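Chains H and C supply the protein sequences, listed in that same order. Per the working numbering, the very first residue in the first sequence carries number 1; after that it's consecutive. Per the working numbering, the very first residue in the second sequence carries number 1; after that it's consecutive.
Derived by calculation from the structure, the hints in this document are not laboratory data. Note that the structure is a prediction, hence the values are computed from the model and not measured. The beta carbon of each residue, even a glycine, is placed where N, CA and C say it ideally should be. Check each hint, because a few of them may be wrong.
To be verified - Computed list of lysine-lysine pairs in DSS-like fashion (alpha-carbon distance at most 30 Å, straight line):
id	chain 1	residue 1	chain 2	residue 2
1	C	167	H	4
2	H	38	H	145
3	C	106	H	152
4	C	106	H	38
5	H	26	H	38
6	H	152	H	26
7	H	152	H	38
What the hints assert, rightly or not - Reference excerpt, derived from the structure (chain H facing chain C, CB under 10 Å, subset only):
id	residue
8	12
9	33
10	34
11	48
12	51
13	53
14	101
15	104
16	130
Said to hold, decoys possible - Residues of chain C clear of chain H, computed beta-carbon distances all greater than 12 Å:
id	residue
17	66
18	83
19	89
20	99
21	107
22	124
23	125
24	128
25	136
26	185
27	192
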Amino acid sequence: MNRKILLAGLLVIAPLLVFLGIGLSKNPMQIDSPLIGKPAPEFDLEDLDGQPWNLERLQGRPAVINFWATWCQPCIWEHPILVDASRRYRDQVQFVGVILHDEPDRIRAMVAQRGVWGPSLIDPGSTAAIAYGVYGAPETYFLDKDGIIVHKQVGPVTPELLDELLAPLL
Amino acid sequence: MMPSAKKLQNMRRLPGLVVARLLSIALLSMGLSLMGAGLTTAQSQPPPGSGDAFVLGLPEGTPLSGRLLDERTEEVSRDIRCPVCQGLAVADSFSDTAVAMKAEVKQMLAEGYSDEQVFAYFEASYGEFIRLNPTAEGFNMVVWIAPVIVLLIGFSIVALRLRSASKAARADDADTSEPLREQVEEDDLADYLDRVRKDLKPTKLEPGT
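This is chain H alone, in the form it adopts within the complex (with noise of 0.2 Å):
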């Protein structure tokens, strides 16, 4: 009898390591969005300049939506890819800037010194960050020309994701 119980102990427990063994596997990278294959959340933010932005300026081509701030490395590593890339799709993708948790002068010092890839749109009580479900810096949204999000990356982008990610976009 104790046997048959410590076996259906055993039975019990082993869904249980597959679960385990199915989390441990994937990437944690990757955080799955309910907003994928949604439209994107309506936003009404000003950049640097106080110039004002919503989501209907970057409907009718695709948009790629980057939170990030100065205080965030991967933000750092990854600025002289949206610049470059910014440049190469220069006419066919709007990209966008919104900043979290930082200060317009810091974000002001670093764009001067690194290059602009977008407008920086200041997120006063992080209502846009809840709004696309962010978790933390850098993030970013790619969106079709209607505003549907089709892709969120967490953690810094490289020159080909953008351009396996935006070549079905444009």
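Starting from the known structure of chain H, arrange chain C on it as the hints suggest.
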């Protein structure tokens, strides 16, 4: 009447059996509960149509203010997970994200949005993961029901085992033949008398003790 040797042996084994059963039950309960939780996490997908939930429609509750607003904000924030923390609620974290989320909760409650609308708003962006208390519906019910069922099964097993052990002990008593019983009793008595004799053996007392 002194208990038979076999009965004594059964009685000595009983606590061990009960502990073994309880451990097995605990193992089963834990396994099933965790399995249920794992499945719930694995299936944490947004409900259909929630993608446009950031347009929440008209507030369905009553606009709150003052102390009541603060209290409700705390209560609702306790059920919303801080997405940048390790297992903390928004109410318990001082991270920038949690503070911003708590401010949004407060603003929504002040505008008259119901608790469920507030949860739906965050769920639309982060998925069901954001709820610290998953909704008790669909497959999530496993988390609530499984431990109760497993405990009931466990208690039943313990009760059955205790009953069968007790029956076995009674059967042993009945089956034991009288001469054997007497022999066992005589042996036990002889051992006991030996110990008494040893204890009563006169000891030489030193003068002055």
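Legend entry - Violating hint indices (sorted, rising): 11, 12, 13, 15, 18, 20, 21, 22, 23, 24
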